[in-house]
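**Q** Each chain is listed here by its residues.
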Amino acid sequence: MTSKPQPHDAVQIISLNKWFKTFHVLRDINLSVANGERVVICGPSGSGKSTLIRCINGLEAHEEGRIIVEGAELLGDEAHIQAVRANVGMVFQQFNLFPHLTVLENCTLAPLWVRKLPKKDAEALAMQYLERVRIPEQANKYPGQLSGGQQQRVAIARALTMQPRIMLFDEPTSALDPEMIKEVLETMVELAGTGMTMLVVTHEMGFAKTVADRIVFMDAGEIVEVAPPDEFFTNPKHPRTKEFLGQILR
Amino acid sequence: MAAPRKPPHRQLPGPIQWMRDNLFSSVFNSILTLVSLLAIYQLAVPFISWAILDAAWTGSDREACLPYENGACWPYIIERSGQIVYGFYDEAERWRVDIVFLLLGAGLAWLMVPRLPSKTAVGVAMLTLFPVTAFVLLVGGAGLPAVPVERWGGLMLTLVVAVTGIAVSLPLGILLALGRRSELPVVRSLSIAFIELWRGVPLITVLFMAANMLPLFMPGGMTINKLLGALIAVALFSSAYMAEVVRGGLQAVGKGQYEAAAALGLGYWRATIFVILPQALRLCLPNIVGNFIGLMKDTSLVSIIGFLDLLGIIQSGNADPHWATPNTAMTGYVFLGFVFWTICFGMSRYARYLEVRLHSGEAR
Chain P
1 MTSKPQPHDA
11 VQIISLNKWF
21 KTFHVLRDIN
31 LSVANGERVV
41 ICGPSGSGKS
51 TLIRCINGLE
61 AHEEGRIIVE
71 GAELLGDEAH
81 IQAVRANVGM
91 VFQQFNLFPH
101 LTVLENCTLA
111 PLWVRKLPKK
121 DAEALAMQYL
131 ERVRIPEQAN
141 KYPGQLSGGQ
151 QQRVAIARAL
161 TMQPRIMLFD
171 EPTSALDPEM
181 IKEVLETMVE
191 LAGTGMTMLV
201 VTHEMGFAKT
211 VADRIVFMDA
221 GEIVEVAPPD
231 EFFTNPKHPR
241 TKEFLGQILR
Chain U
1001 MAAPRKPPHR
1011 QLPGPIQWMR
1021 DNLFSSVFNS
1031 ILTLVSLLAI
1041 YQLAVPFISW
1051 AILDAAWTGS
1061 DREACLPYEN
1071 GACWPYIIER
1081 SGQIVYGFYD
1091 EAERWRVDIV
1101 FLLLGAGLAW
1111 LMVPRLPSKT
1121 AVGVAMLTLF
1131 PVTAFVLLVG
1141 GAGLPAVPVE
1151 RWGGLMLTLV
1161 VAVTGIAVSL
1171 PLGILLALGR
1181 RSELPVVRSL
1191 SIAFIELWRG
1201 VPLITVLFMA
1211 ANMLPLFMPG
1221 GMTINKLLGA
1231 LIAVALFSSA
1241 YMAEVVRGGL
1251 QAVGKGQYEA
1261 AAALGLGYWR
1271 ATIFVILPQA
1281 LRLCLPNIVG
1291 NFIGLMKDTS
1301 LVSIIGFLDL
1311 LGIIQSGNAD
1321 PHWATPNTAM
1331 TGYVFLGFVF
1341 WTICFGMSRY
1351 ARYLEVRLHS
1361 GEAR
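Respectively, the protein sequence lines represent chains P and U. Quick note on our numbering: the first sequence kicks off at 1 and runs consecutively. Quick note on our numbering: the second sequence kicks off at 1001 and runs consecutively.
Chain P on its own, in the form it takes in the complex:
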């Protein structure tokens, strides 16, 4: 069901367990993601999928098991967490852009203060990624002046300016109006085409079908089934997967 960790894997999760107080949110998770692999994580709400990817960059601490990202293990201390975060970008459901900074400043903040690039280089880098998500003309606006879809694309560009090797997406289209979902998914599809390692928590099954190398189905804190999209959608093995697919595909 889960592949054995390989030395070249981008992410290795080994026997991961996590509790919220006494509630066991993640139960014995084993998952390896290869370099350049696109993994979609789906499952009913409360199944622990967001918590799982939030563990990968240390936004949530785990109590048991190991997480190794690009060869660096996530241990509890600040230095190890920072080492992992240097390789991992994250896009949130609520965008979480910094409202007091312009789009350009949102994208240069981390390059300036974490990567210590000179201002000119940071701005050139930010513009490069804003062009890639096709909103360079909004660079001097504030996030509040953009549509939800534009904000989420800025959030993607902002994460990319740190030139991560892995991108985590936590339900990136769930807070968007329907007509804006497409532009964000298109940006993500383009990103997938560049060979970026991606872990995406989403309910967008169309995206999963076309982009994912593997689909991870979680329920009640466990990984229930892992399969390539063809197999996952046409021939699910586990009854819980069948039930879930029956509900969302109608």
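Keep in mind that a hint or two might mislead.
Quick list of in silico lysine-lysine cross-link-like pairs, DSS-like style, CA-CA up to 25 Å [stated by the list, open to error]:
1) K141/P with K119/P
2) K182/P with K209/P
3) K119/P with K1119/U
4) K209/P with K237/P
5) K1119/U with K120/P
6) K1226/U with K1297/U
7) K141/P with K116/P
8) K1119/U with K116/P
9) K1119/U with K141/P
10) K1255/U with K141/P
11) K182/P with K141/P
12) K242/P with K209/P
13) K21/P with K1255/U
14) K120/P with K141/P
Hints were generated in silico from the structure; no laboratory data involved. Predicted, not measured: the structure shown is a model, and the values here were computed from it.
Use these hints to put chain U onto chain P, whose structure you have.
**A** Just chain U, lined up with the frame of chain P:
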């Protein structure tokens, strides 16, 4: 495609229509309007005639004011203006105070006018060079004769206490607020203890302790400058209040902002300085200025421990037999109120302007 339509033209109401809409729209509102007008008339007319029409304006002692039985005695304020501004600061040395006023005014104006450049440099200079320069100029040293703080007074002393309080309480308050939200138990406990200790004691008590009791605790032979004690007391006292205001702002910043900053690799201090604090301070700006205004007015409490600040110098002047008239004290207090009101209202308006300016960019 239809041509874009303009919003329909709105007829501006004439004065009669305006009054009908706003002042006499119902029987109850008409009564309210009339009662209010009567109240304004009853209060404003006597005040204006007392303060302006029936007031004495020239003269050099009480004789000039005695004939104006129902009017203010302005010559008293005019003759004492030197003391009101400088206290008993040596007259030959008052230029030093003027320079400090000038530097303070120029520095603040520079920071407040949006068009002027290099705000950071000026801000840093105001927080580092200015206090040192002001200290040397006011106290003496570097070739300047010393002026003991016992002779300081009036507006100058009030501003020394207020500006010190403001300049210390904002940064210290921010640190205490961050400390109170810290995950480190020792830092958190100490911050809470500090804040709650100062918030639980009246300022007047703190001032009495600083003035009278602190010297008793000092090791033998060591004396603490009484003004320094008062300055520290006011600064620490207002820091505790500031901390709670800032904490409110910090709590209002969404969790997502902390997470986004962390995910980008910003550590605690960088996330706090570049992402969290700018938003938090903006959110609590009205309350911060409210605290500054409260602090400005609280400075008058130092008169109770024997300082001749604005309030103290006016009170001592009121008791001067040279100016004893039925209207002297009233004139002094009205003038005092006007000075405080001008300063506090100015702060309030500037804060309002700043709020509008800061929100204009990110308006949704």
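**Q** Decide, hint by hint, whether the structure agrees.
**A** A quick look at each hint next to the structure:
no., hint, in the structure
1, K141/P with K119/P, "holds, 19 Å"
2, K182/P with K209/P, "holds, 15 Å"
3, K119/P with K1119/U, "holds, 19 Å"
4, K209/P with K237/P, "holds, 17 Å"
5, K1119/U with K120/P, "holds, 21 Å"
6, K1226/U with K1297/U, "holds, 20 Å"
7, K141/P with K116/P, "holds, 24 Å"
8, K1119/U with K116/P, "holds, 23 Å"
9, K1119/U with K141/P, "holds, 22 Å"
10, K1255/U with K141/P, "holds, 23 Å"
11, K182/P with K141/P, "holds, 22 Å"
12, K242/P with K209/P, "holds, 16 Å"
13, K21/P with K1255/U, "holds, 19 Å"
14, K120/P with K141/P, "holds, 19 Å"
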